[in-house]
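Visitor: Residue numbers (numbering that gives the first Met the number 0), protein chains in the order written: chain D, 0 to 356; chain Z, 0 to 133.
Just to be clear, a hint being listed does not mean it is correct.
[To be verified] PhoX-like cross-link-like pairs, simulated, lysine-lysine; straight-line CA separation at most 25 Å:
1) Z:K64 <-> D:K19
2) D:K265 <-> D:K138
3) D:K281 <-> D:K118
4) D:K173 <-> D:K198
5) D:K321 <-> D:K19
6) Z:K64 <-> D:K88
7) D:K192 <-> D:K281
8) Z:K70 <-> D:K19
9) D:K265 <-> D:K192
By construction, these hints were calculated from the structure, which means they are not laboratory data.
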Amino acid sequence: MSHAHAAPAFRMGIPIPNGKLGMWLFLGTEIMFFTAFIGTYIVMRMGSPGWPTDIHVTHINIIAGGVNTFVLILSSYFVVVAHDAVLQKNPSKARTFMTASVLLGILFLGIKSFEYYGKFDYDILPGHVAESDRQSMEKLLTIVQTRMDGHLSAAAPQSAKREREDLLAELDTKITDLQAAGDDKKAGGELQKAQAIRKLYNEYINLRDHIRAEVSFAIPFAELDKLRTETDVSKIPTLALGPFPGHHHGEEYAPPADTLLGHVQKSILTDPELGPLMSGFKVERIRPILYGNLFASNYFLMTGFHAIHVIIGLILFLLAIKSPLSLDNAVFVENAGLYWHFVDLVWIFLFPLIYIV
Amino acid sequence: MSDHDENHSHAGTYFAVFIALCVFTGLSILADALSFSDRNITRVLVLAVASAKALCVMMYFMHLKFESAWKYLLLVPTGILAFALPFALFPDVGAHYYTPDVPQVREYALQQAAAGTGEHDHGDDHGKPAAEHH
Chain D
0 MSHAHAAPAF RMGIPIPNGK LGMWLFLGTE IMFFTAFIGT YIVMRMGSPG
50 WPTDIHVTHI NIIAGGVNTF VLILSSYFVV VAHDAVLQKN PSKARTFMTA
100 SVLLGILFLG IKSFEYYGKF DYDILPGHVA ESDRQSMEKL LTIVQTRMDG
150 HLSAAAPQSA KREREDLLAE LDTKITDLQA AGDDKKAGGE LQKAQAIRKL
200 YNEYINLRDH IRAEVSFAIP FAELDKLRTE TDVSKIPTLA LGPFPGHHHG
250 EEYAPPADTL LGHVQKSILT DPELGPLMSG FKVERIRPIL YGNLFASNYF
300 LMTGFHAIHV IIGLILFLLA IKSPLSLDNA VFVENAGLYW HFVDLVWIFL
350 FPLIYIV
Chain Z
0 MSDHDENHSH AGTYFAVFIA LCVFTGLSIL ADALSFSDRN ITRVLVLAVA
50 SAKALCVMMY FMHLKFESAW KYLLLVPTGI LAFALPFALF PDVGAHYYTP
100 DVPQVREYAL QQAAAGTGEH DHGDDHGKPA AEHH
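Just chain D, same shape as in the assembly:
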């Protein structure tokens, strides 16, 4: 049987290149992947009355999100222009626009990193956020304790056992020795530092006992013991957390001194001796945010996976730029573009859902 070639050969399957079919199949799985994240986020929010929406609490920057949306849309536009240029046999124009897309993708990641920095700066991380006043107090105590232990451990290197009592004993001996030596100019700095650490330890005990007893800082530490015999509970002022500073208004921030935050601000953070020992800490880091951990988990899961997709898209673009960008590369450019548009598509939904709703 002879084969006639006059008629075009019948082609099986879907009338698109295999590579493009592969990309669309992959994008099909990607749709399910991101809908799972976005869908569970919506469902969790609906089931959680009191979800944090105040952008000054969650440190969501709507301007940064809006700019990033524009950046991705512009890059998507540049990609279709580049693909169009490939089809018009204009590789140099295609290369210019693809390079511009890569730069915009990098800009997107830069703005995203800036936003992530804010989250780390205010400790809005999964598992780190206090969700009630009580948890805020416990978190503060843990932070002060960790700092104090670190300074104590560094200041008392000799103790073999490394228990807090041993370290403290060594520190006290050191202070006594330095005081006895009397050479202020030579040992002055070291003595001052050792005394500051001792003061931080005392402050930690003061904080701990007030928080444990839930008694206001209006009651001096020395009188805490006396309260144990007090039978009339109404006579014991209870501990309040105190108001947090407004967004970026730390300078004029001064909560009432009998609250926990007021006490911490006055006796530790602005104290000339103890302040440096707590450097980098700000009271906003212990701000209670109801559902803050769930919020942070969802935020980082969605935006993190999206950012990974942006990085992969950029790698695809770099591969395309390295190619001759002739008609032979049109399918690859189109596939890279399809992937990038999908990344843009996900962001189009993430922007209103995270930043506005």
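Add chain Z to chain D, keeping to what the hints say.
Guide: Frame of chain D, contents of chain Z only:
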């Protein structure tokens, strides 16, 4: 892009879509800035705008408007499966008929009680802890 339209440029259409997308983004931000008394109006508006944007990107940038029927073969099943998980989770997690006994729910009830007896609540300040209602 399908074979039939490789010869002429789509640059004009692409630019029009790009402008439309920018306008839509502006609308989203405007909807937020207007801060309607009912937050649900903003929610519906911005999600409608997002859907319109998504449609623009899929139809023109991803060329689905110009593709033949294979797109349905691929996108309809994945679309159905994609919504299966949210729909499966919704009855229990999103709209439980009972009050779940978790610390957050109790904390929120305390906050609401404090806001009710104390000072005026701004309605959309749910995210703020009780200590901030000063």
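Visitor: Hint by hint, note whether the structure agrees.
Guide: The hints, checked one at a time:
no., hint, result
1, Z:K64 <-> D:K19, "holds (16 Å)"
2, D:K265 <-> D:K138, "holds (18 Å)"
3, D:K281 <-> D:K118, "holds (13 Å)"
4, D:K173 <-> D:K198, "holds (14 Å)"
5, D:K321 <-> D:K19, "holds (20 Å)"
6, Z:K64 <-> D:K88, "holds (23 Å)"
7, D:K192 <-> D:K281, "holds (21 Å)"
8, Z:K70 <-> D:K19, "holds (12 Å)"
9, D:K265 <-> D:K192, "holds (19 Å)"
In terms of the numbered hints stated before, the structure departs from none.
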